[in-house]
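Residue numbers (our numbering), protein chains in the order written: chain W, 92 to 205; chain Z, 92 to 205.
Hints are computed from structural coordinates only; laboratory data are not their basis. Careful, some of the hints might be misleading.
[Claimed, not checked] With a straight-line cut-off of 20 angstroms between C-alpha atoms, the simulated SDA-like cross-links for lysine to any residue are:
no., chain 1, residue 1, chain 2, residue 2
1, W, 157, Z, 99
2, Z, 167, W, 96
3, Z, 194, Z, 138
4, W, 167, Z, 93
5, Z, 157, W, 174
6, W, 157, Z, 158
7, Z, 137, Z, 121
8, W, 157, Z, 135
9, Z, 167, Z, 128
10, W, 137, W, 193
11, W, 167, Z, 96
12, W, 167, Z, 204
[As the list claims (entries may be wrong)] Which chain Z residues stay away from chain W? Per the calculated CB distances, all over 12 angstroms, these:
no., residue
13, 104
14, 112
15, 115
[To be verified] Here are the in silico distance ranges between beta carbons for each label pair:
no., chain 1, residue 1, chain 2, residue 2, range
16, Z, 138, W, 166, 40 to 50 angstroms
17, W, 121, Z, 169, 17 to 27 angstroms
18, W, 157, Z, 146, 42 to 52 angstroms
19, Z, 123, W, 168, 41 to 51 angstroms
20, W, 107, Z, 123, 16 to 26 angstroms
21, Z, 93, W, 105, 41 to 51 angstroms
22, W, 168, Z, 169, 39 to 49 angstroms
23, W, 137, Z, 102, 29 to 39 angstroms
24, Z, 92, W, 92, 33 to 43 angstroms
25, Z, 138, W, 104, 14 to 24 angstroms
Beta carbons are placed, not taken as given, at the ideal position from N, Cα and C, and that holds for glycine.
Number of protein chains: 2
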Amino acid sequence: MFKAVHYTEVPAEDVKEDDARGVQIRWLISRRDGAENFAMRCFEIKPGGHTPRHSHDWEHEVFILKGEGIVFHNGKRHYVRSGYVIFIPPGDEHYFENTGKDKMIFLCLIPYRK
Amino acid sequence: MFKAVHYTEVPAEDVKEDDARGVQIRWLISRRDGAENFAMRCFEIKPGGHTPRHSHDWEHEVFILKGEGIVFHNGKRHYVRSGYVIFIPPGDEHYFENTGKDKMIFLCLIPYRK
Chain W
92 MFKAVHYTEV
102 PAEDVKEDDA
112 RGVQIRWLIS
122 RRDGAENFAM
132 RCFEIKPGGH
142 TPRHSHDWEH
152 EVFILKGEGI
162 VFHNGKRHYV
172 RSGYVIFIPP
182 GDEHYFENTG
192 KDKMIFLCLI
202 PYRK
Chain Z
92 MFKAVHYTEV
102 PAEDVKEDDA
112 RGVQIRWLIS
122 RRDGAENFAM
132 RCFEIKPGGH
142 TPRHSHDWEH
152 EVFILKGEGI
162 VFHNGKRHYV
172 RSGYVIFIPP
182 GDEHYFENTG
192 KDKMIFLCLI
202 PYRK
């Protein structure tokens with residue numbers, strides 16, 4: 092189904108995983124829209140917040156829309172800011188942390204299983 | 092392979108299809124990076140420019156980063172601007188046109204075939 096909306100029209104939900112702090116997610120494009128191959132989510136992290144430190148057997152394709160922070164990848168911390176594109180391969184340990192003073196907002200896309 | 096770069100570090104190439112005008116593409120994340128399921132591209136369209144009017148049997152997942160313009164979908168023109176998220180299902184006719192005064196920049200993701 093065709094869709095064209097401002098991302099803020101998509102409801103934000105709290106990420107309630109134990110190791111997440113100050114994180115919200117919007118499912119911008121998902122199976123509910125008819126997307127069968129991959130999903131586009133938007134994350135917002137408050138200053139000082141972070142996503143869970145974990146690994147899983149699917150990749151992330153990420154684009155930082157606003158703010159700045161750290162992407163942790165296999166033991167190293169990489170500084171990123173608005174305009175950065177990040178690829179996290181399957182199986183690699185990672186998390187995102189907002190080390191700035193404003194909201195950190197980024198797109199994070201994941202594949203669907205067939 | 093892990094990757095974290097500013098999108099402007101990825102080279103922009105002219106889109107040379109007959110019906111494209113004033114369009115450049117950056118392949119931000121692709122098979123060259125080890126992405127096996129979907130690719131992230133960034134398009135830049137000059138004011139007055141447009142992508143080709145066409146349809147194909149794969150979907151687009153789009154996020155408008157900067158500027159404003161029109162997304163044409165199956166005979167209708169929809170106004171979009173920075174912050175808009177767009178899903179174009181497989182098989183639907185579409186193009187993007189920059190109707191603004193500044194560059195129109197957007198992410199457009201496509202699936203890879205298995």
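Status of the hints after comparison with the structure:
1. 157(W) <-> 99(Z): 16 angstroms, holds
2. 167(Z) <-> 96(W): 15 angstroms, holds
3. 194(Z) <-> 138(Z): 6 angstroms, holds
4. 167(W) <-> 93(Z): Holds, because 11 angstroms separates the two Cα atoms, which is no more than 20 angstroms.
5. 157(Z) <-> 174(W): Judged against 20 angstroms, a Cα distance of about 11 angstroms means the pair holds.
6. 157(W) <-> 158(Z): Holds, because 16 angstroms separates the two Cα atoms, which is no more than 20 angstroms.
7. 137(Z) <-> 121(Z): Violated. Residue 137(Z) to residue 121(Z) sits at ~24 angstroms, over the 20 angstroms cutoff.
8. 157(W) <-> 135(Z): 19 angstroms, holds
9. 167(Z) <-> 128(Z): Since the Cα atoms of residue 167(Z) and residue 128(Z) sit roughly 30 angstroms apart, the hinted pair is violated (cutoff 20 angstroms).
10. 137(W) <-> 193(W): The hint holds at about 7 angstroms.
11. 167(W) <-> 96(Z): Holds, at roughly 15 angstroms.
12. 167(W) <-> 204(Z): 33 angstroms, violated
13. 104: Holds: least Cβ distance 16 angstroms, greater than 12 angstroms.
14. 112: At roughly 22 angstroms from the nearest Cβ of chain W, residue 112(Z) sits farther out than 12 angstroms, so the non-interface label holds.
15. 115: 16 angstroms, holds
16. 138(Z) <-> 166(W): 40 to 50 angstroms: 45 angstroms, holds
17. 121(W) <-> 169(Z): 17 to 27 angstroms: 20 angstroms, holds
18. 157(W) <-> 146(Z): 42 to 52 angstroms: 33 angstroms, violated
19. 123(Z) <-> 168(W): 41 to 51 angstroms: Violated: the Cβ-Cβ distance is about 25 angstroms, outside 41 to 51 angstroms.
20. 107(W) <-> 123(Z): 16 to 26 angstroms: 36 angstroms, violated
21. 93(Z) <-> 105(W): 41 to 51 angstroms: About 28 angstroms separates the Cβ atoms of residue 93(Z) and residue 105(W), which means 41 to 51 angstroms is violated.
22. 168(W) <-> 169(Z): 39 to 49 angstroms: Given range 39 to 49 angstroms: holds, Cβ gap about 41 angstroms.
23. 137(W) <-> 102(Z): 29 to 39 angstroms: The hinted range 29 to 39 angstroms holds for residue 137(W) and residue 102(Z), with Cβ atoms some 35 angstroms apart.
24. 92(Z) <-> 92(W): 33 to 43 angstroms: This hint holds: roughly 35 angstroms between Cβ atoms.
25. 138(Z) <-> 104(W): 14 to 24 angstroms: About 37 angstroms separates the Cβ atoms of residue 138(Z) and residue 104(W), which means 14 to 24 angstroms is violated.
Hints 7, 9, 12, 18, 19, 20, 21, 25 from the earlier list are contradicted by this structure; the remaining hints agree with it.
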